[in-house]
Amino acid sequence: MAINDGGPAYPLPVNDEQCRARFDSGYGGMSLRDAMAMSVRLPDDYSAKWGEALIGEQAPNSVEPASVHIDWWMRVEAAYRYRMADAMLRARTQDASHEQEQP
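Numbering of the sequence shown is given in my numbering, commencing with residue 1150 and proceeding in unit increments.
Bear in mind the hints are in silico, worked out from the structure with no lab data behind them. Please read all numbers here as calculations on a predicted model, not as lab measurements. Treat the hints with care, as some may be off.
Label-pair distances were calculated between CB atoms; the ranges are [as the list claims (entries may be wrong)]:
(1) Gln1243 - Lys1198: 25 to 31 Å
(2) Ile1152 - Pro1192: 22 to 28 Å
(3) Glu1213 - Arg1241: 37 to 43 Å
(4) Ala1236 - Pro1214: 29 to 35 Å
(5) Glu1201 - Pro1160: 35 to 41 Å
(6) Gly1156 - Asn1210: 39 to 45 Å
All C-beta atoms in this analysis are idealised placements derived from N, C-alpha and C, irrespective of residue type, glycine included.
Just need the whole structure built from these sequences, with the hints factored in.
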């Protein structure tokens, strides 16, 4: 199943035919999903336990080098950001369908 990326975040037409072929939508730039993920921030009180549940990978132990801890937290944060972006896109779709149902 393809991920709903919400289309282009800041659509600008691509007039150059060579460049246009690189973009499925005919617009350059990042997707709305990417833009949403960029704006989400991991909560300050986010624990390693939540991170483990999110990415399915145990947090590094205290003897691991700092780079291992940093890489693990980067994976946690990326997963969290895209999960929130996906939730925002779903809510956006649901809101649109509710608006159509109203008389």
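For each hint, the structure was consulted:
no., hint, verdict
1, Gln1243 - Lys1198: 25 to 31 Å, "holds (30 Å)"
2, Ile1152 - Pro1192: 22 to 28 Å, "holds (24 Å)"
3, Glu1213 - Arg1241: 37 to 43 Å, "holds (39 Å)"
4, Ala1236 - Pro1214: 29 to 35 Å, "holds (34 Å)"
5, Glu1201 - Pro1160: 35 to 41 Å, "holds (38 Å)"
6, Gly1156 - Asn1210: 39 to 45 Å, "holds (43 Å)"
Violated hints are absent here; each numbered hint is respected by the structure.
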